[in-house]
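Position 150 of the sequence shown, counting from 1, maps to 149 under numbering that gives the first Met the number 0, and the rest follow consecutively.
Hints are not guaranteed to be accurate.
[As the list claims (entries may be wrong)] Each computed DSS-like pair below joins lysine-lysine, with the alpha-carbon atoms no more than 30 angstroms apart: (1) K258 <-> K294; (2) K8 <-> K246; (3) K402 <-> K112; (4) K276 <-> K53; (5) K263 <-> K402; (6) K275 <-> K207; (7) K83 <-> K275; (8) K263 <-> K308; (9) K308 <-> K136; (10) K83 <-> K136; (11) K402 <-> K83; (12) K276 <-> K250; (13) K308 <-> K83; (14) K356 <-> K276; (15) K207 <-> K136; (16) K388 <-> K8; (17) K201 <-> K246; (18) K8 <-> K53; (19) K258 <-> K308; (20) K308 <-> K294; (21) K388 <-> K402; (22) K250 <-> K402; (23) K53 <-> K201; (24) K276 <-> K263; (25) K402 <-> K258; (26) K263 <-> K246; (27) K263 <-> K250; (28) K402 <-> K308; (29) K250 <-> K275; (30) K246 <-> K207; (31) K8 <-> K356; (32) K250 <-> K112; (33) K246 <-> K275; (34) K276 <-> K136; (35) K258 <-> K53; (36) K201 <-> K275; (37) K258 <-> K83.
[Stated by the list, open to error] Computed beta-carbon distance windows for the label pairs: (38) Y2 <-> S63: 16 to 22 angstroms; (39) D33 <-> G298: 36 to 42 angstroms; (40) S63 <-> E384: 44 to 50 angstroms.
Quick caveat, the hints were computed from the structure, so don't treat them as lab data. Quantities reported herein were computed from a predicted structural model and do not represent experimental measurements. We treat Cβ as the ideally placed atom computed from N, Cα and C, and that holds for glycine.
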Amino acid sequence: MRYIDLSDKTENQITVDREDGIYLGHPTTVLLDDGRTIYTVYPKGHGVGQLVMKRSDDAGLTWSERLPVPDSFSTSLECPTIYKLTDRDGVERLFIFAGRYPFRSSVSTDNGKSWSEFSPIVDFGGYFMSTIVETGKGEYLALFHDEGAFIHGGDTHRVEVYRAGEGADARTRFRQSSLSADGGWVRTSTWNLDISENPERKGDEWTKVYETSHGDTFADGHYELYQIRTTDGGLTWSEPERICATKEPTKLCEPCMIKSPDGKRIAVLLRENSRKKQSMFAVTDDNGQNWSDVKELNGVLTGDRHCAKYLRDGRLFVSFRDMNPDSPYYQNWVAWIGSFDDILHGRDGDCKLRLKKSCTFDCAYPGVEVLADGTVVAVTYGQWEENAKNYILCVRISGEEIKGY
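Turn these sequences into a full structure, and let the hints steer you where they fit.
Below, the structure written as structure tokens:
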């Protein structure tokens with residue numbers, strides 16, 4: 000196994016966004032059909048917070064100022080995810096999905112120039128819409144996880160979102176209350192975020208902009224994985240179906256689906272959040288009608304929030320947060336390069352790249368895009384400097400450079 004450290008290759012690194020005193024996290028990306036326009040969306044805060052959107056018109060070399068967004072982008076309560084989905088008639092739409100209960104989406108029909116307000120798409124929820132693959136014309140399979148609180152909603156916990164500031168300066172916090180035994184509400188948090196993540200500014204007036212509720216987490220602390228389907232390009236979705244249940248309670252989450260090169264098999268990589276096992280995987284040969292038993296991955300792939308794309312040479316580029324204590328890049332932003340068969344058969348693969356060293360393990364959510372010339376454009380968040388707030392970074396690796404790995 001080769002370990003290659005790219006952390007000091009600053010010529011490959013572009014700052015997407017940074018704000019003094021503000022934590023920026025958990026970006027998601029989509030590449031448009033022109034092969035050069037990339038949108039990224041991310042929260043001001045750890046998963047939850049005011050959503051920010053930027054666009055690159057030159058495949059990640061430069062990034063726009065913060066773009067105008069709908070008012071409801073202040074109401075996001077979990078990591079956003081962005082996808083490009085096409086219906087049976089060939090109509091292409093961009094979707095941004097908002098997690099927790101209920102799942103909501105914002106839709107663009109003009110390649111990201113304008114967006115609808117978030118609106119509920121189903122009467123269930125989950126942490127976030129982690130991964131989507133195409134299974135037919137206008138048909139997609141989506142996977143997500145939940146800890147019990149959001150899948151069926153509920154009314155034992157109430158969340159209120161407050162906003163201060165306008166435009167690019169908008170910031171949000173939320174307050175949470177729980178239902179007491181006597182039927183009253185008990186506030187369980189003053190604010191969700193450490194005040195240092197969204198500091199007070201002179202003249203701030205915090206205004207309530209959203210309220211929702213949810214149920215309790217599973218009593219034993221386990222997580223569950225679910226799949227849903229759409230046959231109309233993402234406009235409507237089926238009821239959730241639990242998959243990949245294990246004999247012993249586990250904390251499998253943040254699924255990442257990968258199609259085999261011939262498109263006949265799907266593998267799903269899974270974070271194991273109890274940290275008692277390596278990351279895990281399962282496979283399906285019938286687009287999710289049946290899934291294999293869950294197995295441990297090779298430890299080189301143990302980590303969080305895997306995001307996989309095929310390189311032009313047919314190998315996989317899998318970006319994630321390295322959580323293998325035996326890895327020289329433990330708790331850093333890494334990418335594994337290898338084949339689909341390497342994953343199935345537990346082989347090491349070709350190499351592991353450290354894309355950027357982070358000062359804490361709080362880093363390395365996707366996305367990843369591969370350009371026509373083979374260049375990889377990866378975008379994530381992290382604490383890239385001591386005593387600095389997390390910010391958004393883009394790493395570009397040329398097609399020629401990738402060939403050498």
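Structure-based check of all given hints:
no. : hint                             : in the structure
1   : K258 <-> K294                    : 18 angstroms, holds
2   : K8 <-> K246                      : 45 angstroms, violated
3   : K402 <-> K112                    : 35 angstroms, violated
4   : K276 <-> K53                     : 37 angstroms, violated
5   : K263 <-> K402                    : 26 angstroms, holds
6   : K275 <-> K207                    : 41 angstroms, violated
7   : K83 <-> K275                     : 35 angstroms, violated
8   : K263 <-> K308                    : 17 angstroms, holds
9   : K308 <-> K136                    : 21 angstroms, holds
10  : K83 <-> K136                     : 14 angstroms, holds
11  : K402 <-> K83                     : 28 angstroms, holds
12  : K276 <-> K250                    : 10 angstroms, holds
13  : K308 <-> K83                     : 15 angstroms, holds
14  : K356 <-> K276                    : 24 angstroms, holds
15  : K207 <-> K136                    : 42 angstroms, violated
16  : K388 <-> K8                      : 21 angstroms, holds
17  : K201 <-> K246                    : 54 angstroms, violated
18  : K8 <-> K53                       : 24 angstroms, holds
19  : K258 <-> K308                    : 10 angstroms, holds
20  : K308 <-> K294                    : 22 angstroms, holds
21  : K388 <-> K402                    : 34 angstroms, violated
22  : K250 <-> K402                    : 36 angstroms, violated
23  : K53 <-> K201                     : 26 angstroms, holds
24  : K276 <-> K263                    : 28 angstroms, holds
25  : K402 <-> K258                    : 22 angstroms, holds
26  : K263 <-> K246                    : 28 angstroms, holds
27  : K263 <-> K250                    : 28 angstroms, holds
28  : K402 <-> K308                    : 15 angstroms, holds
29  : K250 <-> K275                    : 10 angstroms, holds
30  : K246 <-> K207                    : 43 angstroms, violated
31  : K8 <-> K356                      : 11 angstroms, holds
32  : K250 <-> K112                    : 38 angstroms, violated
33  : K246 <-> K275                    : 15 angstroms, holds
34  : K276 <-> K136                    : 37 angstroms, violated
35  : K258 <-> K53                     : 29 angstroms, holds
36  : K201 <-> K275                    : 46 angstroms, violated
37  : K258 <-> K83                     : 17 angstroms, holds
38  : Y2 <-> S63: 16 to 22 angstroms   : 35 angstroms, violated
39  : D33 <-> G298: 36 to 42 angstroms : 39 angstroms, holds
40  : S63 <-> E384: 44 to 50 angstroms : 24 angstroms, violated
When each numbered hint is compared with the structure, violations occur for hints 2, 3, 4, 6, 7, 15, 17, 21, 22, 30, 32, 34, 36, 38, 40.
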